Each structure stands twice: as structure tokens, then as C-alpha cells.
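Q: The number in this note's numbering is simply the position in the sequence shown, starting from 1, with 3 added.
Just so you know, the hints here were simulated from the structure itself, not pulled from any lab data.
Small disclaimer: the values here were computed from a predicted structure and weren't measured.
Some hints here could point you the wrong way.
What the hints assert, rightly or not - Computed Cβ-Cβ distance ranges for the label pairs, DEER-style: (1) Arg287 with Met89: 29 to 35 Å; (2) Glu53 with Asp96: 22 to 28 Å; (3) Ser156 with Glu211: 14 to 20 Å.
Positions of the beta carbon are idealized from the N, C-alpha and C atoms, including for glycine.
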Amino acid sequence: MTTNTHPDSVTPAALTGEFLLGGDLPVRRLGFGAMRLPTGTFQGPARDPETGIAVLRRAIELGVNHIDTAWFYRRPGVVANELIRMALAPYGDDLVIATKVGPLLGSNGVPSGEAGPAQLRGLVEDNLRSLGVDRLDLVYLRVGGMSGPGGESISDRFAALAELREEGLIRHLGVSNVDAAQLAEARAIAPVAAVQNSFHVQDRGDAELLAQCEKDGIAFVAFFPLGGGHRPIDATAMAAVTARHGASTAQVALAWLLASSPVTLAIPGTGSLGHLEENMDAGRIRLTADDFTALGG
Numbered sequence: 004m005t006t007n008t009h010p011d012s013v014t015p016a017a018l019t020g021e022f023l024l025g026g027d028l029p030v031r032r033l034g035f036g037a038m039r040l041p042t043g044t045f046q047g048p049a050r051d052p053e054t055g056i057a058v059l060r061r062a063i064e065l066g067v068n069h070i071d072t073a074w075f076y077r078r079p080g081v082v083a084n085e086l087i088r089m090a091l092a093p094y095g096d097d098l099v100i101a102t103k104v105g106p107l108l109g110s111n112g113v114p115s116g117e118a119g120p121a122q123l124r125g126l127v128e129d130n131l132r133s134l135g136v137d138r139l140d141l142v143y144l145r146v147g148g149m150s151g152p153g154g155e156s157i158s159d160r161f162a163a164l165a166e167l168r169e170e171g172l173i174r175h176l177g178v179s180n181v182d183a184a185q186l187a188e189a190r191a192i193a194p195v196a197a198v199q200n201s202f203h204v205q206d207r208g209d210a211e212l213l214a215q216c217e218k219d220g221i222a223f224v225a226f227f228p229l230g231g232g233h234r235p236i237d238a239t240a241m242a243a244v245t246a247r248h249g250a251s252t253a254q255v256a257l258a259w260l261l262a263s264s265p266v267t268l269a270i271p272g273t274g275s276l277g278h279l280e281e282n283m284d285a286g287r288i289r290l291t292a293d294d295f296t297a298l299g300g
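Construct all of the structure, not just a fragment, from the sequences and the given hints.
A: Take a look at the structure:
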């Protein structure tokens, strides 16, 4: 399922090995999330698009071949998908771009609504146009808002995406912000290549869900791997480990995430070249058994 190499000549992202997404798309386990390219927060001011383009190009130089985005990652004049197209098209044969559909932006720019089954085709087509592709590598159905997963049926919406996959507009399907029951509901309709849920060193999420992904070879892609949203990371609780490795809290958190399971993938996002370099260097860290004990296992 995964492979690991360690020569000094390889890029930081390549040091984390690869995962075969959907059984046919090899991706490096340390990828890049595009959410922070247009703005630091959904309600914050727009960032300089030239900086976003530079960050994307540097991510590729550092070995990233898995980029996670969404059509709703946008501010007026700065759209993540369009930055990806401007920075990286024509895309390399090994580049995998994942996107999400489901949330609808409110008037304040914050995702506050949820698309019904009939609206999902239009959202998929928006992603196709803005990325400049004929087929999307991976599309997640993003469920719910910022609250935890569970509590609603996703079958009608996932079935609508499955139809688009049958038409050839989507290569692989995923689900995001779901529980084990919702994953099972989706898998009864069509194959699920990846689950994307909140997960980090101090927010272990749903152990049953992760175990199911491990058993069946489904990628578990952590959003907020560095403690974004409402679940920040307490750096003081990690101080002994970061000191031992001469590393930052972010680097140790990413190293822990990748070592926690053979199916975990990390997609840390940033709009800063400096933070990008720091995050990618997490691929060089090898945690010990003592480190895992200190981090809570």
C-alpha cells in the first residue's frame, strides 16, 4: 500500500512514500491544501495571487503531487482553482488534483448552505472549468458545516456524484466530514477512494472509521492536520518531542499523522512560502517509540 525511500537526493514530499489512491493513482503522502491560497480565513482579506502561484510552483518543486482544493475556496479576484490552473497547467502526468462539492457560499463568503442532488452537477462543472480539465481526479462529497460528522443520510447526493462518475466527469469519489455509517452508505452506491475528516495529533477523531479505511485500503486524508478550525494544537504538550528533533510543532504534528497509519495522507495548507518549506520538511522527521508515547500514542 505504501512505499518509503530515504535517500538525501529525493524531495521532502517523496520521503513520506506513496499511497495508491483508488487503486491506480500514486500520490505522495505529504500533499498540499489550497484553502489558504485566496485568503487566510474565509472572511479575511484576499491574498496576493502572485504569492499563491509562487507557493504552488514551489510545492511541486518540493515533490508534492497531490493538491486538495475546492471551487468555494475563493475571494473576489482570487480563486484557488484558477491559481492552480495559472501556476501549473499544463498539468504533469503524475499530478492528482482533488476537489470538494457540497457547500454553498453565503453572501459573507462563508460556506453556509448545502447543495442538493440536483445542484451537484453544476458544482462539478464549475470545478472542471476553473481547473481547466475534462475529468476530475477525485471529488469528495463534503457533508455538513463546521460541526462534527454524522446525523444525516448522504445517499441521494452521493448517488448524484456516482452518476457523474459513470459519465466520465469524475475518476474517483470520496466523502468528507462523515462517520462510519455514512461511509458505509456511500460505499453501497459506488467505490469510495478517500475519506477526508478532521484529524490531528491531539484530535484523533473516529477510531472505527480510520480502522475501516485501513482494512479496506481507503485513503484517510486529514483536514486541519495542524489544528485549524475549532481544534487547535497545544504546542506546550509537544515541547519535549519538538526539542528532541529540533523541529517545529507543525513538523512533528505532520510526522505523527503520517506515521499513525499506513492510509493517512496530509494536506497542510498555507499562503506563505516560508511555511510551505517548513511543512514539507516534516517528511525528513522519523519519530521514535518514545516520541509516540510522549504524544499520547
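Q: For every hint, state whether the structure bears it out.
A: Consistency of the hints with the structure:
Separated by about 30 Å at the C-beta atoms, Arg287 and Met89 satisfy the suggested range of 29 to 35 Å. Here the CB-CB span from Glu53 to Asp96 is close to 26 Å, well matched to the stated 22 to 28 Å. Remark: the range hint 14 to 20 Å for Ser156 to Glu211 is upheld by a beta-carbon distance near 19 Å.
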